[in-house]
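J.: Required output: the full structure, derived from the provided sequences and hints.
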Amino acid sequence: MSNLISYLNTKRHGFIILAIMALGISLISLISGPFDLLSTPSDFTGSLLTYLTYSAGSQGFLITLAILMLGLLLASTDKKQFIKVGIGFGVLLVLCFAGKTGLKHLTQSPRPYTEALVQLKLIDTPQQFYSYAESTQDTLVQTAAEYVSHYRIGHWLHETDYSFPSGHTVFVAACLVFFGGLALSQKRYAVTGILLVWALGVAYSRLWLGMHRPEDLFGSMAFVALLYLLIPIPKYR
Numbered sequence: 066m067s068n069l070i071s072y073l074n075t076k077r078h079g080f081i082i083l084a085i086m087a088l089g090i091s092l093i094s095l096i097s098g099p100f101d102l103l104s105t106p107s108d109f110t111g112s113l114l115t116y117l118t119y120s121a122g123s124q125g126f127l128i129t130l131a132i133l134m135l136g137l138l139l140a141s142t143d144k145k146q147f148i149k150v151g152i153g154f155g156v157l158l159v160l161c162f163a164g165k166t167g168l169k170h171l172t173q174s175p176r177p178y179t180e181a182l183v184q185l186k187l188i189d190t191p192q193q194f195y196s197y198a199e200s201t202q203d204t205l206v207q208t209a210a211e212y213v214s215h216y217r218i219g220h221w222l223h224e225t226d227y228s229f230p231s232g233h234t235v236f237v238a239a240c241l242v243f244f245g246g247l248a249l250s251q252k253r254y255a256v257t258g259i260l261l262v263w264a265l266g267v268a269y270s271r272l273w274l275g276m277h278r279p280e281d282l283f284g285s286m287a288f289v290a291l292l293y294l295l296i297p298i299p300k301y302r
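Residue numbers (the numbering used here): 66 to 302.
It cannot be assumed that every hint is accurate.
Taking lysine-lysine and the DSSO-like style, the derived pairs with C-alpha atoms no more than 27 Å apart in a straight line are [said to hold, decoys possible]:
hint : residue 1 : residue 2
1    : K165      : K76
2    : K252      : K145
3    : K76       : K144
4    : K252      : K76
5    : K252      : K149
6    : K149      : K76
7    : K149      : K165
8    : K144      : K252
9    : K145      : K76
10   : K186      : K169
Estimated spans, in silico, between C-beta atoms of each pair [what the hints assert, rightly or not]:
hint : residue 1 : residue 2 : range
11   : F109      : Q251      : 26 to 36 Å
12   : I70       : Q124      : 34 to 44 Å
13   : I296      : Q184      : 36 to 46 Å
14   : G136      : Q173      : 37 to 47 Å
15   : M66       : T190      : 49 to 59 Å
Derived by calculation from the structure, the hints in this document are not laboratory data.
Note that CB positions come from ideal geometry on N, CA and C, so glycine has one too.
T.: Pasting the structure below:
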């Protein structure tokens, strides 16, 4: 029992910051949602949220990861320990991405933007969108471009898979629970705050773009929390 308590104690900072993120998303959902996906945003809002989502997507997650790992390396006094911890985080990230893909196929939850396509009378139900071939899906989304901001429509075109869980949120939650938890344990509150604001910004962008619902984000964080609990990562000082 003492070993279990000791093990859980090494994870507490990661869970604390993940809980703060969950609280933040709850407040965002209550205050801002639901979003009108047919509204016209300002260029500033559209550009800011696009780049935020890019930072955790295929366009920029490697850059984000490189920056975080470089910061960890520069702060490290033990390079061997850095390698061990880096491998542990790598295992966490790989399992997160693999599990995310499997869960999408298992749950088959339509993305929120399919409800906008129903509103535009392009399809009858959100589920109908996924019965079409990819070329037909692209045609439907392109037809909606007349009524939808280009900031949103580009993401709709490139992400026609299922909604649950959110891959972007899985990535930011994994980074937050690891790097944010580490920063919090070392009382580096400025770094912790920056990471938390970034994570919440990415989460907000996914809701605003019409790519996910709040439950997708909460499910993503719960999935990351479970893997983080199960995967032993060497303690880093």
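J.: Work down the list of hints and note, for each, if the structure agrees.
T.: Here's how the hints hold up against the structure:
With a CA separation close to 22 Å, the supplied pair K165 and K76 stays within the 27 Å bound. Taken as a hint, the K252 and K145 pair is honoured in the structure, with Cα atoms around 23 Å apart against an allowance of 27 Å. Note on K76 and K144: the hinted pairing holds, with a Cα-Cα distance of about 22 Å set against a maximum of 27 Å. Distance restraint check for K252 and K76: the Cα-Cα separation of roughly 15 Å lies within the 27 Å cut-off, and the hinted pair is therefore satisfied.
At roughly 22 Å between alpha-carbon atoms, K252 and K149 fall within 27 Å of each other, so this suggested pair holds. The straight-line distance between the Cα atoms of K149 and K76 is roughly 16 Å, inside the 27 Å bound, and the hint therefore holds. At roughly 24 Å between alpha-carbon atoms, K149 and K165 fall within 27 Å of each other, so this suggested pair holds. Between K144 and K252 the CA atoms are separated by roughly 21 Å; this keeps the pair inside 27 Å, and the hint holds.
Distance check on the hinted pair: K145 and K76 sit about 21 Å apart at the alpha-carbon level, within 27 Å; holds. Note on K186 and K169: the hinted pairing holds, with a Cα-Cα distance of about 26 Å set against a maximum of 27 Å. Evaluation of the 26 to 36 Å hint for F109 and Q251 yields a pass: the beta carbon distance comes to about 35 Å. Between I70 and Q124 the Cβ separation comes to about 42 Å, which falls inside the hinted range of 34 to 44 Å.
For the pair I296 and Q184, the beta carbons lie near 42 Å from each other, so the given range of 36 to 46 Å is met. Range check, G136 to Q173: about 38 Å between beta-carbon atoms, so the 37 to 47 Å window is met. Checked against the given bound of 49 to 59 Å, the beta carbons of M66 and T190, roughly 51 Å apart, stay inside it.
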